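Chemist: Those sequence lines, one after another, are chains D and G. For the first sequence, our numbering begins at 1 and goes up steadily by one. For the second sequence, our numbering begins at 1 and goes up steadily by one.
Be careful, since some hints might not be right.
For chains that are exact copies, the list does not tell them apart, and a pair is met inside one copy or across any two.
[Claimed, not checked] In silico SDA-like pairs for lysine to any residue, Cα to Cα no more than 20 Å straight-line:
(1) 16 with 150
(2) 125 with 107
(3) 181 with 141
(4) 2 with 149
(5) 189 with 60
(6) 16 with 77
(7) 117 with 171
(8) 125 with 39
(9) 125 with 111
(10) 117 with 195
(11) 16 with 60
(12) 2 with 145
(13) 125 with 181
(14) 189 with 127
(15) 2 with 136
(16) 125 with 115
(17) 125 with 110
Keep in mind that the hints were calculated from the coordinates and are not lab data. Predicted, not measured: the structure shown is a model, and the values here were computed from it.
The chain contents come next:
2 protein chains.
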Amino acid sequence: MKIYGDSISGNCLKVKWVADSLGLSYDWIETDILAGQSRTPDYLAMNPAGQVPAVILDDGRPLAQSNAIILHLAEGSALIPADAYARAKMLEWMFWEQYSHEPYIAVARFQLAHLGKTLADLDPKVIPRGVAALQRMEDGLANTPFLAGDALSLADVALVAYTRVAEEGGGFDLSGYPRIKAWIPRVEKALKIAA
Amino acid sequence: MKIYGDSISGNCLKVKWVADSLGLSYDWIETDILAGQSRTPDYLAMNPAGQVPAVILDDGRPLAQSNAIILHLAEGSALIPADAYARAKMLEWMFWEQYSHEPYIAVARFQLAHLGKTLADLDPKVIPRGVAALQRMEDGLANTPFLAGDALSLADVALVAYTRVAEEGGGFDLSGYPRIKAWIPRVEKALKIAA
């Protein structure tokens with residue numbers, strides 16, 4: 001497998017972490033989004049959406065969208081709960097991540113840490129909606145150590161990617177979310193990611 | 001099953017169409033988002049994200065996020081391809097829908113058709129990104145009658161919901177996308193939705 005990813009992107013790291021966790025072999029092709037490498041004709045032929053990550057599977061076929069890729073790679077593994085309801089809750093968190101978390105938590109961090117913007121440059125919705133997303137996660141961790149239950153799942157992979165670097169977005173202070181603060185190293189340890 | 005949905009919301013109609021297509025019995029509880037009915041204490045206890053749709057499954061447990069709900073309801077049915085790659089492509093379209101299509105196509109329509117706004121009121125990114133999303137779909141339908149291959153899948157359900165009413169968003173003209181124009185009634189017919 002070839003993974004086209006930018007190492008600054010949590011969406012791309014999700015794919016790396018799942019591949020590493022499952023012991024899959026792959027070539028990582030560093031793809032610099034700030035240099036336009038996800039918008040070249042060759043790249044767009046592989047992923048017309050022009051986004052990272054994208055993968056070329058071992059049979060030569062392409063696949064895009066971080067959460068679709070990790071669901072495909074992890075099929076049949078312990079990263080996807082065997083119980084149908086737990087699996088549905090995992091998917092609920094993964095779709096919520098892309099709609100209600102990433103556009104605020106990841107975007108604030110990208111603008112501040114990678115584009116050199118300041119908090120005053122951000123769309124005024126970004127910080128309040130990111131704060132609401134963190135509170136939603138804090139509440140979601142009230143009863144179980146991982147988001148979809150007692151075991152690590154792809155929901156944790158999807159959400160830890162940007163939550164662990166949320167403070168780089170300037171307007172977020174994780175010290176107000178004790179369950180998230182405990183959950184991040186729990187997920188990092190389970191995935192064997194360096195903190 | 002109880003489905004909490006607002007009939008003006010394509011995200012909610014996805015759940016209704018899949019339930020109808022599979023012959024599932026349910027009670028539809030009309031939930032008026034403009035009247036704040038998805039933000040009451042009772043509703044938030046069921047779905048802390050405060051969004052529609054949400055369902056209460058027959059065993060009493062809640063589930064949210066339109067695409068997670070339809071994936072759960074349709075498990076084991078023909079709406080999810082048996083082939084692993086086709087299934088992954090279906091998921092790619094479904095995550096793309098929530099990140100790159102719904103925030104522009106659905107939001108423009110909601111602002112204009114339901115909040116009484118004008119095109120000038122929209123975030124200037126909304127129309128160009130919606131146009132790019134439609135072109136991505138047009139390109140995606142170049143080789144197959146449905147988005148994930150030769151048969152209807154949840155990718156078509158997820159994307160037809162707002163694409164069929166895209167023109168209500170003011171800045172979109174479907175006549176420029178002949179494959180989408182042919183695909184919409186194809187999906188409506190397969191789902192037995194009135195055009």
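Chemist: Have a look at residue 189 and residue 127 and pick one of within, between, both or neither, based on CA distance no larger than 20 Å.
Modeler: Neither: 28 Å inside a copy, 43 Å across copies.
Chemist: Reference check for the pair residue 117 and residue 171, CA-CA at most 20 Å: within, between, both, or neither?
Modeler: Within one copy, since 13 Å is at most 20 Å while 30 Å is not.
Chemist: Please work out whether the CA atoms of residue 2 and residue 145 approach to 20 Å or closer within one copy, between two copies, in both situations, or in neither?
Modeler: Classified as neither; 33 Å inside a copy, 29 Å across copies.
Chemist: Could you figure out if residue 125 and residue 111 sit no more than 20 Å apart (CA to CA) within one copy, between two copies, both or neither?
Modeler: both (14 Å within a copy, 16 Å between copies)
Chemist: Measure nothing new, just compare the shortest in-copy and cross-copy C-alpha distances for residue 189 and residue 60 to 20 Å and report within, between, both or neither.
Modeler: neither (33 Å within a copy, 34 Å between copies)
Chemist: What label fits residue 117 with residue 195 when the C-alpha limit is 20 Å: within, between, both, or neither?
Modeler: neither (26 Å within a copy, 46 Å between copies)
Chemist: Within, between, both or neither: how does the pair residue 16, residue 77 come out at a Cα-Cα threshold of 20 Å?
Modeler: within (16 Å within a copy, 31 Å between copies)
Chemist: Is it within a copy, between copies, both, or neither that the alpha carbon of residue 181 lies no farther than 20 Å from that of residue 141?
Modeler: This pair counts as within: shortest intra-copy Cα distance 11 Å, inter-copy 44 Å.
Chemist: Are the CA atoms of residue 2 and residue 136 at most 20 Å apart within a copy, between copies, both, or neither?
Modeler: For residue 2 and residue 136, neither the intra-copy (35 Å) nor the inter-copy (23 Å) Cα distance is at most 20 Å.
Chemist: Taking 20 Å as the upper bound on the Cα-Cα distance, should residue 125 and residue 107 be classified as within, between, both, or neither?
Modeler: So residue 125 and residue 107 pass the 20 Å test inside a copy (11 Å) and across (15 Å) alike.
Chemist: How would you label the pair residue 125, residue 181 (within, between, both, or neither) given a Cα cut-off of 20 Å?
Modeler: Neither: 24 Å inside a copy, 35 Å across copies.
Chemist: Using 20 Å as the alpha-carbon threshold, which applies to residue 125 and residue 115: within, between, both, or neither?
Modeler: both (18 Å within a copy, 18 Å between copies)
Checked against the numbered hints given earlier, the structure breaks hints 1, 4, 5, 10, 12, 13, 14 and 15 and satisfies all the rest.
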